[in-house]
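Undergrad: Sequence:
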Amino acid sequence: MISKEIGKVKEAERKAVEKVEKAKGEAEWIVKKAVEKGKKEAEKILSKAREKVEEESKRVTEEAKREAKKIERKGKKDAERLRESSSQNIEKTAEIVVEKVLES
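Residue 109, in my numbering, is where the sequence shown stops; the numbers in between run on with no holes.
It cannot be assumed that every hint is accurate.
[As the list claims (entries may be wrong)] Derived lysine-lysine pairs resembling DSS-like cross-links, with alpha carbons at most 27 Å apart: (1) LYS49 / LYS27; (2) LYS63 / LYS42; (3) LYS38 / LYS49; (4) LYS38 / LYS63; (5) LYS27 / LYS38.
[As the list claims (entries may be wrong)] Pair by pair, the computed Cβ-Cβ distance ranges are: (6) GLU46 / LYS75: 39 to 47 Å; (7) LYS37 / THR66: 25 to 33 Å; (8) GLU46 / SER8: 50 to 58 Å; (9) ALA99 / LYS75: 47 to 55 Å; (10) GLU56 / ILE76: 49 to 57 Å; (11) THR66 / ILE35: 41 to 49 Å; (12) GLU46 / ARG86: 53 to 61 Å.
No lab work stands behind these hints: they were computed from the structure. None of the values given here were measured: they were computed from a predicted structure. Just so it is clear, CB atoms sit at the ideal spot from N, CA and C, and this is done for glycine as well.
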């Protein structure tokens with residue numbers, strides 16, 4: 006009778022160990038899948054972040070190009086005004102010199 010009870014206890018222990026091993030295997034599988042899913046989610050987040058950075062970079066670059074063109078146009082206008090102004094000054098100076106020469 007005691008040997009039957011010992012046999013039952015050993016059988017129960019064996020079944021418990023099997024259940025623990027099975028649960029351990031299932032837990033490892035769940036952890037593995039969770040890690041894989043986490044990596045995929047992280048990759049998606051990184052990909053979206055890269056896309057946003059690229060879009061923002063393009064936007065800022067285009068804005069900088071537009072601003073540079075505005076500055077260039079303004080610079081050309083200012084240079085033209087200075088050229089015209091200096092041309093007029095040269096003409097006036099030349100007239101004054103000619104008058105002075107003729108007066109002499």
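Undergrad: The hint says 49 to 57 Å between GLU56 and ILE76; measuring C-beta to C-beta, is that right?
TA: violated, 30 Å
Undergrad: Assuming the hint says 41 to 49 Å, is it satisfied by the Cβ distance from THR66 to ILE35 or not?
TA: For ILE35 against THR66, whose Cβ atoms are near 46 Å apart, the range 41 to 49 Å holds.
Undergrad: The hint says 39 to 47 Å between GLU46 and LYS75; measuring C-beta to C-beta, is that right?
TA: holds, 44 Å
Undergrad: Holds or violated: are the alpha carbons of LYS38 and LYS49 at most 27 Å from each other?
TA: Holds, because 16 Å separates the two Cα atoms, which is no more than 27 Å.
Undergrad: Within 27 Å, alpha carbon to alpha carbon, are LYS27 and LYS38?
TA: holds, 17 Å
Undergrad: Please check whether GLU46 and ARG86 have a Cβ separation lying inside 53 to 61 Å.
TA: Given range 53 to 61 Å: holds, Cβ gap about 60 Å.
Undergrad: Are ALA99 and LYS75 spaced within 47 to 55 Å by their CB atoms?
TA: violated, 36 Å
Undergrad: Are LYS38 and LYS63 close enough, with their CA atoms no more than 27 Å apart?
TA: Answer violated: LYS38 to LYS63 is near 37 Å, above 27 Å.
Undergrad: Taking the beta carbons of GLU46 and SER8, is their distance inside 50 to 58 Å?
TA: holds, 56 Å
Undergrad: For the pair we were handed, LYS49 and LYS27, check the Cα-Cα distance against 27 Å.
TA: violated, 33 Å
Undergrad: Quick one, are LYS63 and LYS42 close enough, alpha carbons at most 27 Å?
TA: violated, 32 Å
Undergrad: Return holds or violated for the Cβ distance of LYS37 and THR66 against the range 25 to 33 Å.
TA: Since LYS37 and THR66 have Cβ atoms about 43 Å apart, the given range 25 to 33 Å is violated.
The structure shown violates the earlier hints numbered 1, 2, 4, 7, 9, 10.
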